Each structure stands twice: as C-alpha cells, then as structure tokens.
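Colleague: Chain residues, written in single-letter form:
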Amino acid sequence: MPKRDDINSVLVIGSGPIVIGQAAEFDYSGTQACRVLRAEGVRVILVNPNPATIMTDPGFADATYVEPITPEVIESIIVKEKPDAVLPTLGGQTALNAAIALHDAGILDKHGVELIGAKVDAIRKGEDRQLFKDLVIEAGADVARSHVATTLEQAKEFALDLGYPLVVRPSFTMGGLGSGFAYTEEDLVRIVTQGLHDSPTTEVLLEESILGWKEYELELMRDTADNTVVVCSIENVDPVGVHTGDSITVAPALTLTDREYQKLRDIGIDIIRAVGVDTGGCNIQFAVDPADGRVIVIEMNPRVSRSSALASKATGFPIAKIAAKLAIGYRLDEIPNDITKVTPASFEPTLDYVVVKVPRFAFEKFPAADPTLTTTMKSVGEAMAIGRNYTTALQKALRSLEKRGSSFHWGDESRSVDELLEEASVPTDGRIVLVQQALRKGASIEQAFEATKIDPWFLDQIVLINEVAERIAGADALDTDTLLLAKDHGFSDAQIGQLRGFGEADAREVRHILGVRPVFKTVDTCAGEFPALTPYHYSSYDLETEVAPSDRRKVVILGSGPNRIGQGVEFDYSCVHASFALSEAGYETIMINCNPETVSTDYDTSDRLYFEPLTLEDVLEVIHAESQSGELVGVVVQLGGQTALGLAKGLEAAGVPILGTTPDAIDLAEERGQFAAILDGAGLLAPRNGTATELAGAVQVAEQIGYPVLVRPSFVLGGRGMEIVYDTPSLVDYFARIEDQGIVGPTHPLLVDRFLDDAIEIDVDALYDGTELYVGGVMEHIEEAGIHSGDSSCTLPPVTLGRAEVDRVRTATRAIAEGVGVRGLLNVQFAVAAGVLYVLEANPRASRTVPFVSKALGIPLAKAASRIMVGDSIRDLVAEGLLPEVDGSRVPLDAPVAVKEAVLPFHRFRTREGIMVDSVLGPEMRSTGEVMGIDRDFPRAFAKSQLAAYGGMPLSGRVFVSVSDRDKRAIILPVLRMQQLGYDLVATEGTAEVLRRNGIGADVVLKYSEKEGEDATSVVELIHRGEIDVVVNTPSGRSARADGYEIRAAAVAADIPLFTTIAELSAAVASLDVNDGGFEVTSLQEYARRRAGEVAE
Amino acid sequence: MTETPTTVDEQAPAAAIDLTRAVLVLEDGTRYEGRAYGARGRTLGEAVFATGMTGYQETLTDPSYAGQIVLMTAPHIGNTGMNDEDMESARIWVAGFVVRDPSRVVSNFRSQRSLDDDLAAAGVVGISGIDTRAVTRHIRSLGAMRAGVFSGEEAHLSPGEQLDLVQSGEQMTGRNLSGAVSTGERYTLPATGERVGSVAVLDLGVKTSTLNYLAERGFDVHVLPQTVTVDDVLALEPDALFFSNGPGDPSASERHVELLRSALRAGLPYFGICFGNQLLGRALGFDTYKLPFGHRGINQPVLDRATGRVEITAHNHGFAVAAPTDAVSESSQGFGRVEVSHVDLNDDVVEGLNCLDIPAFSVQYHPESAAGPHDANYLFDRFRDMVIANRTTDDSQEAGK
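Keeping their order, the protein sequence lines are chains A and B. Residues 23 to 1119 (the numbering used here) make up the first sequence, in order. Residues 792 to 1192 (the numbering used here) make up the second sequence, in order.
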C-alpha cells in the first residue's frame, strides 16, 4: 500500500530530557522521523521540552512545541493544531507512555486523532509482562519461569517457588529502572518495594535467574503487508545480568550457527506478528543457554529504541526513518535503500565488518554509588567503532571512550591472576581490561570464562590481542609486517609506542615513514554486493580505499564523542548546525565522530561521515585521506566540547589548519596568569585566585585568599573534580580523592578561587569575529553561584538584572573576546556579589547553553559561529539574514521568558548498602539533561520547566522543611506563601522554631539522627510511607551532611519534589499561582513570527 | 572429484620456503597475497562471493558450490566450528575458500570439530588475511571470473606461471558438473510427516535440508542419480518429480531438460529449486543466461507476485532464466501458459516460474534455506498441496472415464 492519503498532519511526541536509559538516540530517531514526514508532504507538529535536541529546531517541524509531555499539554496542542494522527514510537518510553495516557484519558477518541506506528493493543502486549509472556509461549518460544506480584507478601511467596537468585522487573519502566537480582530475601524486599513504586501499574515480575546466559538482540521491522525483516543482530559480550545498555555489544552476532540464528529470527518474527507491530520496528532480547542452546525471550519494545539507533548506525539501515514511512502507510518494498538507492528497504543488511559498542559510565560523579553493573542501566553514553574484525572494532571502541585506563595496556600489573579474576567476576565499568590483564598474566580461557561467563570466542580474541602485543614488544624492529599486524588488530600508535618503549608521536613517525596508513571502507548494507552511493566510512588497514576524490573546498568538523555528564547532546547540536550551515555556504562537510546515538553520525547530516574514534591518530588519518583531493579549508574544533578542543594543539602541530579561535587563544583562556592580564587590562575583576599543581601549593593559595575556596582542575568539562572547600583538612581530603584520576598535575594545574557566597551567577554566550561582538543571550542562574551551571536552572532573559548590569556584562564579554582573540563562540560566566561583577571563567568554545539560547531567542549561534570560523563577519551574517539585527543582550519586554532546568540521575545510583546516593547539588555537574519551559513570564515558564523535568509540584499536600542556618532567613517568605496556598508544613525542630517565630505554624518531626529506638518515627520514615509530598532540605555548610543525606535519599527514592536550594524553592513557589489554570501552548514558529512582526513594526 | 583441479602437497615442506604464504590470482591478473588456510597446494575454480553472515558450514557443504572458489564477505569464519547436524551433504564441495579472519578457537555447544581441520581433511585449499572486500568489489565490477589459490610451495611459483594456470582453467559457462555431485546410487528416505505419496528427486547436487523437508511434508523420497532416464523415473510410479539445486551451466544439461519435458508430458507434478528452476525454464522453452556475479547470500528480497508478500531468501545462483516478467507467456514447447511467479526486488531477476496449465512450478532461490531465513519454507506446503490436488483431479478424471 502506498502512502495513506488521509494523514496530512502528524503530531510527533519526543522523548523529553536526556536521562539514563533514554538519551540522544531519540533525538536521532525523532529528527529522522520529522525529516521524512515533511519530505512526504506531511505537516509535522512536534512536542518535546528538550531544547538541546536537533529535532526541536524550528526547521525540522512545521510547529515545534517545546512544552512538557503531559496528557493535558498534548491535548492543548491537539486542540490547537488538529493533527490527523499521533506518532509515539520514536520518542522512547516517554512517548509511548504518553500515548497510552492520551488513549486512556479518551483524548485521542475525543478529538478524532489516530495513533500510528503502534496500536494501543500492541503497546500493551509488548510492555505488560504477563500478556507478553503468554504471547511468547503461544509463539512456541520459551520464557523464564515467572510470577507477577502486586504486593510484597505475594513476592515473598513466589520467591519460595522460584528460588534465589531471582530477577525482579517492574512493569512499564524504561531503561530497566528498578529491576535487579535478588540473592536473598533482604534483597527481594528492597527491590520489590522500590519496583512496586516505580511501576505505574504497581506490578513487578519475578523471574527465574538466567544469569550468565548469552544475550542477543534482534531489530525487526514489519509493514502492513506482513513483510518482516531483521535489520540487525546484536550480541552482548557481557552475558545476561548486565543491562544491554551497560554491556559491551557486538554486531553482527558472532557466536551463533545459522541454525541457532534462524531460530531466534523465527521466534522474533512470530512475536512481532503476535504483538501486532505492523507499521514500524521493534527490538527483541533473547537469552541463550550456552550449554544447550535453550532460548528464552527476555523482552520486546514495540518502538524505536537505543538498540535500534545502534543497529541503524551499525548497518546503514535507517530504522527510524523507515519506521516513520511505514507509519504513514508505505510498505517496505516501496521504500528505497538510502545507501544503494537502487535496491528496496525490504531486505536484511549484511555486514562485512564488525561493530562494537562500549558504554561510557559516570561513576566518578557519584563516588558513593555501587559501581556493580546490574539489570538497571547506569551508563550515560556510549561509543561505537567499526573495524574489519572484532579486535580492531573493540580496540577502537575502547579508545573512543576517552577515559584513562579504558584501553588495553601492557604496563605494570601488580595484581595476581586470582585477584584479577576475582575482581572480574563482578561486572563493573572496565571489566574487560581486568580480563585482558588476567589473560595476559596467564589465566586460561576456561578460568576467565568461569569468572565472567564471557563467551570463549570473545576471550580468545583478547588472548590474540595480548599475543600481538607480545609480537610488537618482541620484534627486532618496528617493521612494516609488525605494524600491519598491530594495526590489523586495532592497536593505536600510543599502544604501539608504549610496547616499544617510546612515545605515540615516534610510533606514528615510524609508521608514516614505512607508509603504513589506513584505507577507508564504506558501510553499505550489502557487503559490497551493490555500489554504495553514500559516503559513510570507517578505517581499516586493508588494501583498497573507497574514499571518492572530490575537488571541493572541505571543512572537517570534530564531534564530541560519547555522551557523558558535562558533555552531552548539546555539543552534537552545535556540530550538526555547523555542518548544515557550512554545507549551505558551499563547503563539503566532513564529520568525524564515534557516538552512535547522535544526529551528527547520521549519514544524512554531513557530506561525508567518518565513524572513527576522536583521537589525534584517528583524526589525522582521516584528514590525510581527505587531503588527497580538493582543498582542506580547516578543522572545526570549538563545537565538539573538550574532546574536539583537546585535539586542537596536536592537529595544529601536525600542520592542520584550525578554524576560528586559535589553539593558543584557547589556552589563553585556561591559563590563569595570561587570563588575569586580559582582565586587568579591561578593568575586570575575578575572585581572588591562584593555581597549584600539588597539595602544599594549594593549601598555601587557599590560606592566602581565604576559605571557602572553589577548586577545579583546568581543561575539564562539566566541573569534573570541582568542589567548594571550606578548610584545609577538606582540601587534604580533596587531593586524596582525586589523586589517581590524573586530572591535576604539572601540565594541568588546579585552579583555586575564592568562593563568592550568595552571588548571582550569569552565563553569556556570544559570537566574536575580531571586530564585532554579538551576544546570543544573557542567562541568569536561579541557584546562587556554587552550583555547577549545568545543574543550575537559568532564565533567559534575566529577570532580576538591571539594564546597567546587562550592559556591564556585555562590555566585559567584549573585552574578554577581544583579549583572548576569539573567532567564533565564547561563553563567559560571571557572578554578581554585593553589586560587584566578577568574571568566573571564560571558554572560547560552544557551551552547553548554545541550543537553549538558539531556541529561546531564535538566534542560530552555532551556525553563525561556523560561518565566522571560515571568515564571514557578523555584519555579513546579519545582512544575509542568518542573524537577527538586534543581538540577544536586549530582549524586548513582551518577549517570552525561557527557563532551562536540569534533570538529575540520582535515582539510578545506590550505594553498596542499597541506599540512594546523595542528591545535593554542588559545583561538579551531575545532570544528564535539561528541559526548557517557555511562556510569557517567568513564573509560567518556570512552572513548565518543572512540569517537564519531574512532573511539577503537587498542588496540595504536606511539605517538609529543614534548612541550614544560613538559609533560615530566606526560607520565611516562600514557606509562608506555601502555607497560604494550603500546604501542610512539618519541619525539624530548629527550622520549626524559626517558622513559628515568624508566625508560620509547622509540626515538628524528628531528624533521622534524633530517632531513638526502632519504633520511633523520623522524617525519613514519613517519606518512605508516602506521608510527605515535597521536601525542602538545604545542606548545612561544611559539616557532614548525614541527616540531610538520609532525608534527600528518601526523597529521591520516593520520587517526590526535592529542593536543595532556596532560590529554586522560591521560583517554584512563585510559579504555583499559575499552575492550576492549565497552560497556553505556543510553538517556536509562532514566537518567531511575533519577533518578526516586532521587527517589521 | 576430477572437476575441481586440486592438488595437495603430500611432501614435507622444504625448509627454505615460507609455507605460510598464499596468493589468490584472478584471471585478469589481479593478485591478493595473504596467508595459507586449510590445505596447502593449488586450486582452480570460479571466484564468487557469498554474503551470509552465518552458515559457512551449510555453504561449504552445498554441492552447488562445486567448482567455485568461495569468498566469504563476513570477516570472522569458523567461530562455531563444524558439526554433523548442519552438513548439507556428506562433504565439503567448494574448490577453494577465501576468508579474512579465520577463527582460532571453536565456541558452540554443538561443535564437534574445527573448520580448519575439516578444510584440511577435505583438501580444500584456502587463503586468509586478504582484503576480501576489495576482491568482492572487483568481482562485482568485472563479474565472476576464473581464479586460483596457490599456497605453500605453489605460492612460490612465478606470478606468470600462476596466471597461466588460472587462465587454463575451465570456464563455468558451458560446464556440466552434475556428474560430479550427484549420488551414484539410488536411495530412498521414508516420509517423516503424514504420508502423502512419493517423490522422485533428481539429484543434481541436492541438499540434505531439501530432502528432510520433502520427507516432513509426507513424501517417501526416492533420490536418483542424475544419469537416470525418464523410464527409470516413471517406473517408480512417483506422485511427483523434483529437480534439485546444483552446480554448472543449465544450457549444458540438455539431457535433463529432455527428461523433464517427457515427465511433464506424462503429467507428473513438478517442483524445482535453483538448477531445477533453470531446467524447468529451459524445458518450457525459455533461455538461461549467466548473471554478472550471481546472487549468493541469505538476505535477498523476493516478491511473491501472487500474494504481494516479500520474503527474505537464501540464494546461490550464477545463472538465471530469461522469461518475460510483465505478462503471462505461452510455453513454446507446448506446456501452456507460464507466469513468472517470483522476482528479485534488487535486480528484477526471475526467481520463480509457475505453469498455469500443468502442475509444475519452481523457484530460483532456496526455500530449504540452510543457511538462511525460513520465509519461503511454505513452498514445500504448496508443493504437497499441488500433488494432493493433482491426485484428486486424476482420481476424478479416472472416475469420469
């Protein structure tokens, strides 16, 4: 059946903020869907409150609603836009749950809107554990023995039948949230209690353990004519027990015979049919008993998933794009294969290479968290690598992580085989390196298999890598044969250098002298059977290169690598924009990146895509290959975060032209002495500060400038290692903790700043072309200085700054841009304390807020920056119409207010004792994503941001208040207002006293530490029992935060609003008045029209 | 096996020569140097590539690959070893084997032997460690061609000598290989499903899976040597006739075509797979031709024109039937109307023939898969149903007499 003619407009639901388990991959899939639908002439309406995404660019939909994903808000959009259909299968679990809610509330029926992509029935069958189980059995497949429990007592009973260990999985949660292994009844109680809470249907599934089995995934697509294809098979190197998002995975499956693979395929097809997915894709996970091949179906997702994004990048088969076409009626055989252009999409890709994905974790951000990997996903990003064999793909993927110690190494290893195996028996971040060390020290494959249950084939590949390492180390000379052998197994120049006892640069020089260079192969979906017309390349030390010559002017854009806290999808946004802008300006754009979740690694985004690690070696080789024809104008390094920026010096040294701000200028901003000179010259102040490379120096600086001090390592993103230190013992403790992270040293000094208490923090994103400054936006933080800007909420335009202050900020920004020598983007952070403006730091690169600013004010900062980098002036860009005439420093009074709010992952992490990690905010960034609320004034915008971030404040209920002494003065007004609005108040004794003296009645409740005896009730128990609806708790200065911690942990576990700063509470209270009247929804396009109207007047 | 000119070194290697070397030489003079794999020595054949990511054991033991040097585009081969269950015939048939990264270990619960050992034992000369994608692209651009793999001492022949040997090899066009792969003796497999009748299978290189599926559908399966006559076939009084897959050029098998025509005239229901499709095509009066580089893989989209359904299918063919795909045509040999029932969506090649006036159909691809998806397995049901329907018709005609 061709395209349906009754669907002329579609509402696409996005996935909301980036959270663990639901990340940038849904921007990739949603963006594809929007592009496809528009290309098909469908009017696209989009709802997604995540400003950091490409999909929410006004250019990708006809009406873009950066609004919360709630049934009420979506109904408002439906009423306003009257779409023919809603497409929820490309926005992850969030969109699917929203679709079910819309259906259950009768909203779809009421407005005559059809759900496309997946029917409600199919969604339920896929997600409801029991329904799914029945259906799998009906399909003739096997399932783990299991029971559904709705109470803890039931769960205990079933556990007797199943025996320990057993698996607990809550229904309808994403990313495996709340699931885990129970080895004892104690574990069971803890996991089931939490699981029942997390599940929207208060259900958990208890299941027999299949720990240690082999795990596989299939990505399937099916159309209305029942044509079904398996796009990709994925094998988990880490066996069952580790969430697939946290596993090292490989595509295609490498340890299945055809008979076993076809069995999985048959079961998969039976299931997709039985579930009734008939216009889209699904992902099915299998466990296979390595001893006898018994197959168990673990789960299926009737939607585009993280794995389907990976599968799309791994195969060149764009699942989301095809899913969108199927949703509007096309059949698979009516859709052409993008890569070959001549063959249809109704086929199964075949690979002549191997793809390995490795997860990127952020345990360093949560030092108290238990780093054991379980069935609850904990990784925050991933890197993918393509190689002609597994060893190459694995080694490339590991070095793509850009994390110390993540690659295999052959240096000293003091641990014994037994110790290494013992450690490796628990899955953790970096286990693969432990296995490599164990095998290197003589562990047998059998021993390593016993410890890890990793398939012997994968273990032997590590043995092979170790053997090659020995050959490299033992060769008489580093000759061509040795180099070719090393390179054919993915060894980097750095590893080769290490094995030969010299540096990476020397290894590279030898290699280049011997002419050992990689060729670039093509991802073509068909293993070379048909010519590929899409230049999607990866490196290989093989014979024949497939890079087509081109006589165009080329620009290379370096992406930002795997997502991590502090460097996420925002940077990908900027890279993608640069690619679009430069392509429009006539350049051939060449993207290098290794993050499979992103839009930048969509082969549609740039003229050429190289899926390669972002290391100096790998980037230089791409540049070499592209330098064989045409003219390389230069490389864009300032948009890909610290990853790309970190390569600038090396590239420059190798003679590669860097576009925009020079590497020296980049250093200038980080180098304290020179930067201070620039500030001095401009008459600007910085907090008193100094630098140190070791503890003694740091103590000296701190005592000189006075505590509290803010310490942070230079050259890091996301406030890595950044803390407020109140005294010398804490500083000693700080050094002890960061010692082995290698983030402070002679070349990377620690910056020590006087910490400004009670300051307002301001963020500015601006463009500078050498003569003119163009402010993108001035953002005012809602939390006071000291909270990392990435975790802080902020408002644009600022709502409490006067014109004079904004003017001072603008002047200061200009002076810094000029002094540093910026060509392109600049982000400056200021603080205003007691009326004095301080410069906190300046970064001559794209910041995290670039997409937020672009959406809030309609200023395409990244596009403009990329044009400035290739030599255009701001004046040109204004004349051309790319930039609005008036910059973002002066926003008209009737312009909307946009609020950015951070989304934090605390509920994913527990300590080894099973308690939530502390959720207090600080100078080290820990948020994974953000949302934006936009409306006519600050309270409304703020309310929307809260609704989008965590569901918003309850409109009534019981509020618990406990604040530190320094906050007691500030607490009175907001708490009074809450009482007036009808909330009940409880407080700890000290806080209650202050409130009562101010005429606010509050019941006293015990602190956790005041509790005597098991039966006493402290606030922690009240929270656990669900008797508290909002928690206000600010940490008390330097002292241990034990009480506060227990309270915050309980609040996170109970998933209730938690305020750890008064500023945020005050904003929330201010927004309460506007909360109940429902929201007005306005698309970005409408805002743009209003702005244009203003200009015209 | 005389058709695959393989010689295997039997002497202990001379000390001075590097016996780990191997070279793949194509008839246009292109050379790819790599490492010796499998048996050492020299082999000549037609270089083709197969794109399946699973199923190397089924590929190796598929008689249709006789006379061919098979290159696997998937880099890792041998990971799951070899076992007795997945053999598609009693032995390995390929003339030579080209892989990028042979597995060093075997990991699978069903594995009984390693692939290396089986290749060496079967005397299959192979090569590893070459840029298999470059070779694939070369063959894709220039077409399947004669080739040779030279390893061990043979690798040290001069390039000129090696090329001469390759160019003196037999062309696949015009080559009849049925004699090399067919069973020497007739044998019978009893029906394993509810018995429907019996089928005479002309073994032109038949695969075990095909025989098993026929038996499962209720047929006693009489497997006949390719040398039988139509009288031999009819003497068995089978309910149907089946021509299997197999190697070689269908235009060099006129005797089998004649046999088929006689059987069809005798009213015997017919099902053919692969070579059996090409022979039906020729029997009906169509021509066959050599594809530039053939279809060899397990991901080919085939459209069943009757249902509009697309099935993902296993292919292994270098030749195809030239029949009009836009309309029903008339058999020039007097068998009535014929339609092209299936086409490959990648390149519109004829993938199936259906006779509208006689009980006969065939497909170019492999419904028995092995290796490959099971999407087309329903064709065995279609065959059984056709045989049953035909018998009912016969019975009613009998009754009417």
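In case anyone wonders, no lab produced these hints; they're calculated from the structure. Any given hint could be a false lead.
List of simulated lysine to any residue pairs, SDA-like, C-alpha gap at most 25 Å [said to hold, decoys possible]: (1) A:Lys155 x B:Gly1009; (2) A:Lys285 x B:Asp1095; (3) A:Lys671 x A:Gly705; (4) A:Lys475 x B:Gly1009; (5) B:Lys1081 x A:Pro366; (6) A:Lys475 x B:His1165; (7) A:Lys155 x A:Gly134; (8) A:Lys155 x A:Asp106; (9) A:Lys132 x B:Ser902; (10) A:Lys475 x B:Lys1081; (11) A:Lys475 x B:Asp1095; (12) A:Lys463 x B:Gly1009; (13) A:Lys178 x A:Ile232; (14) B:Lys1081 x A:Lys671; (15) A:Lys155 x A:Lys102; (16) A:Lys285 x B:Lys1081; (17) A:Lys285 x A:Arg167; (18) A:Lys475 x A:Lys102; (19) B:Lys1081 x A:Val364.
Bear in mind that the values here come from a model prediction, so they are computed numbers and not experimental data.
Colleague: A separate judgement is required for each hint: does it hold in the structure or not?
Modeller: Now for the hints, and whether the structure bears them out:
{"no.": "1", "hint": "A:Lys155 x B:Gly1009", "verdict": "33 Å, violated"}
{"no.": "2", "hint": "A:Lys285 x B:Asp1095", "verdict": "23 Å, holds"}
{"no.": "3", "hint": "A:Lys671 x A:Gly705", "verdict": "30 Å, violated"}
{"no.": "4", "hint": "A:Lys475 x B:Gly1009", "verdict": "43 Å, violated"}
{"no.": "5", "hint": "B:Lys1081 x A:Pro366", "verdict": "23 Å, holds"}
{"no.": "6", "hint": "A:Lys475 x B:His1165", "verdict": "31 Å, violated"}
{"no.": "7", "hint": "A:Lys155 x A:Gly134", "verdict": "32 Å, violated"}
{"no.": "8", "hint": "A:Lys155 x A:Asp106", "verdict": "34 Å, violated"}
{"no.": "9", "hint": "A:Lys132 x B:Ser902", "verdict": "59 Å, violated"}
{"no.": "10", "hint": "A:Lys475 x B:Lys1081", "verdict": "49 Å, violated"}
{"no.": "11", "hint": "A:Lys475 x B:Asp1095", "verdict": "44 Å, violated"}
{"no.": "12", "hint": "A:Lys463 x B:Gly1009", "verdict": "58 Å, violated"}
{"no.": "13", "hint": "A:Lys178 x A:Ile232", "verdict": "19 Å, holds"}
{"no.": "14", "hint": "B:Lys1081 x A:Lys671", "verdict": "57 Å, violated"}
{"no.": "15", "hint": "A:Lys155 x A:Lys102", "verdict": "40 Å, violated"}
{"no.": "16", "hint": "A:Lys285 x B:Lys1081", "verdict": "34 Å, violated"}
{"no.": "17", "hint": "A:Lys285 x A:Arg167", "verdict": "20 Å, holds"}
{"no.": "18", "hint": "A:Lys475 x A:Lys102", "verdict": "55 Å, violated"}
{"no.": "19", "hint": "B:Lys1081 x A:Val364", "verdict": "21 Å, holds"}
In this structure, the hints that do not hold are numbers 1, 3, 4, 6, 7, 8, 9, 10, 11, 12, 14, 15, 16, 18, in rising order.
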